[in-house]
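Asker: Protein chains in written order, with numbering that gives the first Met the number 0: chain U, 0 to 432; chain Z, 0 to 475.
Watch out, some of these pointers could steer you wrong.
Stated by the list, open to error - Only pairs whose alpha carbons sit at most 27 angstroms apart, straight line, appear in this in silico DSSO-like list of lysine-lysine:
#1 Lys-7/U / Lys-23/Z
#2 Lys-23/Z / Lys-5/U
#3 Lys-186/Z / Lys-162/Z
#4 Lys-117/Z / Lys-162/Z
#5 Lys-236/Z / Lys-213/Z
#6 Lys-126/Z / Lys-213/Z
As the list claims (entries may be wrong) - Simulated restraints on C-beta separations:
#7 Asp-355/U / His-312/Z: 19 to 29 angstroms
#8 Glu-224/U / Ala-275/Z: 54 to 64 angstroms
#9 Val-349/U / Gln-398/Z: 54 to 64 angstroms
#10 Arg-464/Z / Arg-107/U: 55 to 65 angstroms
#11 Lys-217/Z / Gly-82/U: 26 to 36 angstroms
#12 His-312/Z / Val-349/U: 25 to 35 angstroms
#13 Val-349/U / Lys-217/Z: 24 to 34 angstroms
#14 Ala-121/Z / Asp-59/U: 32 to 42 angstroms
#15 Met-276/U / Ala-288/Z: 46 to 56 angstroms
By construction, these hints were calculated from the structure, which means they are not laboratory data.
Don't be surprised by glycine CBs; every beta carbon is placed ideally from N, CA and C.
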Amino acid sequence: MQLTDKLKQTLDYEELSNCMRCGFCQPACPTFRETGYEAASPRGRIALMKAVADGLMEPDQDFLDQMSLCLGCRACEPVCPAGVHYGQLLEQTREAIAETVRHPWWVRMIRSIVFTHLLPHQHRLYRAGRLLRFYQRSGLQKLVRRFKLLKLLPAHLREMEAILPEGNGTPLTEAVGTFVPAEGERRGRVGMFRGCIMDVMFHDTNVNTVKLLARAGYDVVIPPEQTCCGALHAHSGERPQARELAKRNIRAFQAAEVDYIASNAGGCGALLQEYDMLLEDDREWREAAGWFASRVRDISELLLDAGGVTPLAPIQRRITYQGSCHLRNGMHVTTQPQRLLQAIPGAEYVPLFEADRCCGSAGIYNLVQPQMAGRLLQEKMEHVSRTKADILATSNPGCLLQMKAGIHRAGLEGRMTAVHLVDLLAEACREKE
Amino acid sequence: MRMLASQAKTELKALLGEAYCLDKPEALVAYSYDATPMQQALPDLVAMPKDTQEVSEVMKIASRYKIPVITRGAGTNLCAGTVPVTGGIVLVLNRMNRILELDEQNLTLTVQPGVRTKDIHAYVEEKGLFYPPDPSSMTVSTIGGNIALGSGGLRGLKYGTTKDYVLGLEAVLPNGEIIRTGGKLMKDVAGYDLTKLLVGSEGTLAIITEATLKLIPKPAVQRVMLAMFADLTAAAKTVSEIIANRIIPATLEFIDQGTIRVVEAFKLIGLPTDMAAILVIGQDGEQEAVERDMAKIAEICRQNQAVQTRLAHSDAEAEEVMTARRSALAALSRLRPTTILEDATVPRAQVAPMIEAIQHIAEKYRVQICTFGHAGDGNLHPTCMTDARDHAEVERVEQAFEEIFAKAIELGGTITGEHGVGIVKAPYLEWKLGRAGIELMKNIKRAFDPDNLLNPGKMFAKETRKRVVIDRAADR
Numbered sequence: 000m001q002l003t004d005k006l007k008q009t010l011d012y013e014e015l016s017n018c019m020r021c022g023f024c025q026p027a028c029p030t031f032r033e034t035g036y037e038a039a040s041p042r043g044r045i046a047l048m049k050a051v052a053d054g055l056m057e058p059d060q061d062f063l064d065q066m067s068l069c070l071g072c073r074a075c076e077p078v079c080p081a082g083v084h085y086g087q088l089l090e091q092t093r094e095a096i097a098e099t100v101r102h103p104w105w106v107r108m109i110r111s112i113v114f115t116h117l118l119p120h121q122h123r124l125y126r127a128g129r130l131l132r133f134y135q136r137s138g139l140q141k142l143v144r145r146f147k148l149l150k151l152l153p154a155h156l157r158e159m160e161a162i163l164p165e166g167n168g169t170p171l172t173e174a175v176g177t178f179v180p181a182e183g184e185r186r187g188r189v190g191m192f193r194g195c196i197m198d199v200m201f202h203d204t205n206v207n208t209v210k211l212l213a214r215a216g217y218d219v220v221i222p223p224e225q226t227c228c229g230a231l232h233a234h235s236g237e238r239p240q241a242r243e244l245a246k247r248n249i250r251a252f253q254a255a256e257v258d259y260i261a262s263n264a265g266g267c268g269a270l271l272q273e274y275d276m277l278l279e280d281d282r283e284w285r286e287a288a289g290w291f292a293s294r295v296r297d298i299s300e301l302l303l304d305a306g307g308v309t310p311l312a313p314i315q316r317r318i319t320y321q322g323s324c325h326l327r328n329g330m331h332v333t334t335q336p337q338r339l340l341q342a343i344p345g346a347e348y349v350p351l352f353e354a355d356r357c358c359g360s361a362g363i364y365n366l367v368q369p370q371m372a373g374r375l376l377q378e379k380m381e382h383v384s385r386t387k388a389d390i391l392a393t394s395n396p397g398c399l400l401q402m403k404a405g406i407h408r409a410g411l412e413g414r415m416t417a418v419h420l421v422d423l424l425a426e427a428c429r430e431k432e
Numbered sequence: 000m001r002m003l004a005s006q007a008k009t010e011l012k013a014l015l016g017e018a019y020c021l022d023k024p025e026a027l028v029a030y031s032y033d034a035t036p037m038q039q040a041l042p043d044l045v046a047m048p049k050d051t052q053e054v055s056e057v058m059k060i061a062s063r064y065k066i067p068v069i070t071r072g073a074g075t076n077l078c079a080g081t082v083p084v085t086g087g088i089v090l091v092l093n094r095m096n097r098i099l100e101l102d103e104q105n106l107t108l109t110v111q112p113g114v115r116t117k118d119i120h121a122y123v124e125e126k127g128l129f130y131p132p133d134p135s136s137m138t139v140s141t142i143g144g145n146i147a148l149g150s151g152g153l154r155g156l157k158y159g160t161t162k163d164y165v166l167g168l169e170a171v172l173p174n175g176e177i178i179r180t181g182g183k184l185m186k187d188v189a190g191y192d193l194t195k196l197l198v199g200s201e202g203t204l205a206i207i208t209e210a211t212l213k214l215i216p217k218p219a220v221q222r223v224m225l226a227m228f229a230d231l232t233a234a235a236k237t238v239s240e241i242i243a244n245r246i247i248p249a250t251l252e253f254i255d256q257g258t259i260r261v262v263e264a265f266k267l268i269g270l271p272t273d274m275a276a277i278l279v280i281g282q283d284g285e286q287e288a289v290e291r292d293m294a295k296i297a298e299i300c301r302q303n304q305a306v307q308t309r310l311a312h313s314d315a316e317a318e319e320v321m322t323a324r325r326s327a328l329a330a331l332s333r334l335r336p337t338t339i340l341e342d343a344t345v346p347r348a349q350v351a352p353m354i355e356a357i358q359h360i361a362e363k364y365r366v367q368i369c370t371f372g373h374a375g376d377g378n379l380h381p382t383c384m385t386d387a388r389d390h391a392e393v394e395r396v397e398q399a400f401e402e403i404f405a406k407a408i409e410l411g412g413t414i415t416g417e418h419g420v421g422i423v424k425a426p427y428l429e430w431k432l433g434r435a436g437i438e439l440m441k442n443i444k445r446a447f448d449p450d451n452l453l454n455p456g457k458m459f460a461k462e463t464r465k466r467v468v469i470d471r472a473a474d475r
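Only chain Z is shown next, with the shape it has when bound in the complex (with noise of 0.2 angstroms):
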């Protein structure tokens, strides 16, 4: 790890105050990690600015010395996107948490970067006012965090993802120079879109301080539902149904077995533990309509073969449902130690292959794999249960997910849905994007950070891993 230069470090002191620029083992231990597992690594030093014109301050100094910069949020990302792998300044925006303003004329929420998820969802629908993205982590993770990553969630299927709900943005570049892009219009093609460039970025291209999103008018209610199926092919191939049927519902989870089990271990709601799989389907809009793509969508059910359906009869018993979903994950970590959650995604046509190919490939691994996921959008969250110390199944575990990744390409998928790239996936980006494609993002990088400073060491890899051949014939 490079040591910060003494001078850069008064520097920033000087600016930040003492308070608010940490060097102590301390914070140095508290911002090595983020919610990625077997992932953590030393930064020199942890910056908290407080405005716009702070971010764009210590940028100058970052510069002028060479030193790399981490922006981080609330640390729940699953692909080590803010693990300071480099050393250099963690740059915390935690303390910029000001919703700046609510523009009912125009539908839209000017926030700052720090603002928790959770929060812009209770400060709109108040107002009657709706903001759809709802990643699982939305009560901690914040809204710069949400952009960076291009965080999806529960409602992706029929709202899409934090990319839609973006309309502008202010951020500073590597250089301190302080940026606008878009603004509070739906349309605007003045340009590369470079809004939509910024989300998803991971915190590479450059320091987002400050978002304009899109709000819509809060569907007037909203209904959940159970369907359990005691064969985990046939729920599969009910959810690609539903949507042939030309419905769009708000929500279309898929939770297999495993997960059943863990959830309701954690979360004490009636699931049952003896199906095979249970869909979690929600729809929201007006009475009528929703009360009739209920029907329509239990009568779908039915015919491919679930067990039994059933409506959540008020709004905390469909509370607690998409809160059991939502706690999935970290429910699962409860059997073993270390538990690795990837997001391989798929045309959501493909979802029933994709899930038989994960029983088929964790068997022949040795390794436990609970599937559960978005899966109306395709998006599935095959999750490992292991123990970062068994270093012989740890490698197996890598093998499974590298030859998940290339069956979810081969279906037409990609190797991350919602979780992005970081350090955990960068060595699989070339099998989805080809070598031009790899190229043509490393010139983009360049073009924004010729000094390689902000989150180095992230979305590109220093090698690719070899693309694993998957030749079912020769497993058999």
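Isolated chain U, as found in the complex (with noise of 0.2 angstroms):
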């Protein structure tokens, strides 16, 4: 089928109205405010899906470019005042794209080997993880830098793999079982989402995650057959694929018969939450995606709910926050995260000038439009180095490791690290203890 068809076919034309042509999107927009050209902000990519669907243009490759540079951080949609979907909107667009236009070869491996062999096998991720750790531990990596091999990689590529986190192949349950039952006052039973790559480059903070949790008064499952969120491969067009992974979590967070499901990656958990759109047309699926969608909160409300961590050591420092997009503009989650940060003893709180914008990092974006990621980013670490903060705390991986990319780039190493939220809660709870 022709991509022209093909997004006649995906595209909500009822939504695409929806958009008044207002323009209070624009302030909002990353790339709009890069660019100031009206085609890179949210209601010109609406106007152009509109266009195509219209039969006003053909889906060029200025379309596609259009369609890619966007981040889909959706920072425009709270601001929005005609409601429009549009992170919606551009997932059907990128739907449509991904079945009709033939990637370059080097992509479509890519995108096979991440979206199809290995996101969706977490055994696989893990063998992965045992590699990197490997690779990092064994002498390996010391050997690729001293001879430059990485000289062979673009610049953004090569400031990843200085900033990774050591690989572990160790899967939370192996860690902490599939059952950890609450401390103190019972609240209620979360299943935990443990995420595919989170568990495997951030295996401590799922950890960390459930001894929250646990301490917080709730009983935690960690149900083993749950699979990667399918947020990256909804992301990228892989829509089909993504409601497959839906299936199965779905299938899994029922049998544990739980009240909430813990997400402590605003990414992942933003898509958690709209499991039920993304299987609306799916009569047989839609109950129990709502059913699941209404119990997914990200780890900062559940931990609120229960009064927020206590006690705490004191951390004598100075914290800063930068949000994640999706928590924020998905999640609808807008002060928990830096209201258990103030709650923090000792700790002076600073507000990131312009917390809210995204930092460039955006599910593989950084990856792949390293040129517009690197803009933002720098802006960016402009405002965190402005905060003079110690303490830079994340609530989603991506993010981290694009606050970690910032700060070895700006040479703030040794004067500021990057943190999830959840590990400096960790943290004070084990010094208190």
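Hints in hand, dock the two standalone chains.
Answerer: Written out as structure tokens, the structure reads:
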């Protein structure tokens, strides 16, 4: 099928028409602010989609590039007075593109490895994690660096190699089991969503999440059958695969009979919470998807509902926070992480100017659009360094890696560290004990 | 649509550079619309000059090849003022976005046209100064667009509108010549007032490339209050009575029930959705005077059967109320796919009869019209929620609005208070101006732009709509 026809099929025309072109989205859009170009704004992109659907233009290379340039941060959604679901329109567009446009062979290869052969298979990810750990610990990494083999990579990938956390091949369920009982008064039963890459690259954050939840009074179940959330798939146009992953997760958590589903990654959480929209045309799964979506909570919400994390050892540091776009614009979690940080005794919380603006990470955006991502990161780090904070907290693994890269690039290493909010709280908890 | 001579294209690309002279389909689509519903037309070229000199050069080329030029800022206007109906060049001025000078001796600010209105506010308020015009689109719109359309805003009642704050302009004429009008002067009667003529000229006379704005000291305090009414007419009468009591509030906004409900659904701020109307009343100035005015206003509201009055207790609370009001139009668009907003304006003493007439007309044509607006200055925004695909309904909407325009003129008002004429109001302009008035304006246009290159197809319609005769008796 041709892209034009496919777009006409996948795009929700009603939703396109709901954009009244008031332009209120534009000040919130990072790519519009960088370029000042109407087509690089949400209003412009919707106009392009509608123009294709109306037969006013062909979906040419410029069209494809413009859809790729969008970060998908969805900062346009909360400010849209007409309530247009821009993220949905973008994913529908990308789905049509993914199904009809033939990428260069190497992009096809990467997409196939990542989306089909890696992310949906948790055991393969653990094996990759063990490989990474071997690379980092065996001296191989040192060797590679000494012989400057990394020069073969583009600069932004070299940077990523430098800040990659230590890989881990131990599944969360091996570290803590599949059930951790609540401490003290019981508040409910939480299913822990461990994520795919999260469990390999940020194993300790997952362990800490489970501990904090149990401490806050939740029974924590970790259904081992769960899989990748499908967010990277959906954002890249692989919605059919995302739907299959969604079904596996719904089945796993329904069997576990949980009250809540906890996420510690805004990027995953936002899609988990939108499983109902992802599966709305699937009669068989629609109801179960609604059950699942209504139970998804960010870790910060669950902790605050339980009265916060207490007691904590004082942290005599200056702390700032860079928000996760999908946590805020997708899950509508706006102030909870900051409130948890402000409650840390001894810590001085300094708000980050434009903490609600994308850092440029945006899933795999920083890998495929290094130029725009680099501009956004540079601006971000200017604001970050002005806070003079010692600790930069985030609540999504992609943002965390990007912030680490930013600190590396800005030469702030040694003066500032980037951490996941959960790890910071867990550390203060441990020290109290 | 006329095809742009390829020679002209080559010259323009050489002048501006490939990156700022675009004719790819993506760019043509992106600059084919503004915030006006149901209006779209593709230009032949999008040009983004970086300074006055480049604007002048573009105009020299355009006039040599007789190519229409449509100047555009942020594209937030509601009269299709920047839709390139005749094709040609869309001239985007948002690269010219520098604040050039703040003169604290003369209290003026000199800016390029692409500066965002909101950024002007932030910039001058930090220095204790104030630029009052505050159109609802101000977080997006540019000052050049505000000047070209003569934008109003919520503070129009007390402070006036954009036209009252433009002291001087630099502009490029269709032949490429650069003129300067006015200056940092409060008094200047040297010849015709070209500054005022260009304000609100909708890009049909010249291209504004620089503006000197008047600033005033920032008021010390601002207070906002809500007054709720179970009866629509009582609310409208309160508006007239506040003014009759010699109080000029900084804002005096009217929101009807339909609007309240959608605004509240968009931003949960605790507006009472069971009320027939709410007045948002704001005052600014010295603390003592503001407190006195607000107390007096509250009393007038109660005398006019206000069910409740509520004073915002913090700046944050006040800002929320004002933001909700500013979002009214866009929030209304959630109800139906197409939202048509008009701005019929009447002398403020006629607000009550006008609101009643709007309700009557909506019922008559079986269309849904919510009304909000700057009731203090008589500028109402009857807003119709419809669906452009339902042609029968859209036709009834048009008839309803025609009758609303006619009613506004009958009450001594006008067809547009702050949105401009553009394409959508052009067929009704003669109703307001009369034939002689239109002819005079056309002659002014010819004097500036003999080849009709600047924003053709706007302001003057090919044909004036037949005047609706309102005969209430016949309706019954």
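Asker: Compare the structure with each hint and give your call.
Answerer: Hint by hint, here is what the structure shows:
no. : hint                                      : result
1   : Lys-7/U / Lys-23/Z                        : holds, 22 angstroms
2   : Lys-23/Z / Lys-5/U                        : holds, 22 angstroms
3   : Lys-186/Z / Lys-162/Z                     : holds, 15 angstroms
4   : Lys-117/Z / Lys-162/Z                     : holds, 17 angstroms
5   : Lys-236/Z / Lys-213/Z                     : violated, 34 angstroms
6   : Lys-126/Z / Lys-213/Z                     : holds, 14 angstroms
7   : Asp-355/U / His-312/Z: 19 to 29 angstroms : holds, 26 angstroms
8   : Glu-224/U / Ala-275/Z: 54 to 64 angstroms : holds, 57 angstroms
9   : Val-349/U / Gln-398/Z: 54 to 64 angstroms : holds, 59 angstroms
10  : Arg-464/Z / Arg-107/U: 55 to 65 angstroms : holds, 58 angstroms
11  : Lys-217/Z / Gly-82/U: 26 to 36 angstroms  : holds, 35 angstroms
12  : His-312/Z / Val-349/U: 25 to 35 angstroms : holds, 27 angstroms
13  : Val-349/U / Lys-217/Z: 24 to 34 angstroms : holds, 28 angstroms
14  : Ala-121/Z / Asp-59/U: 32 to 42 angstroms  : holds, 39 angstroms
15  : Met-276/U / Ala-288/Z: 46 to 56 angstroms : holds, 53 angstroms
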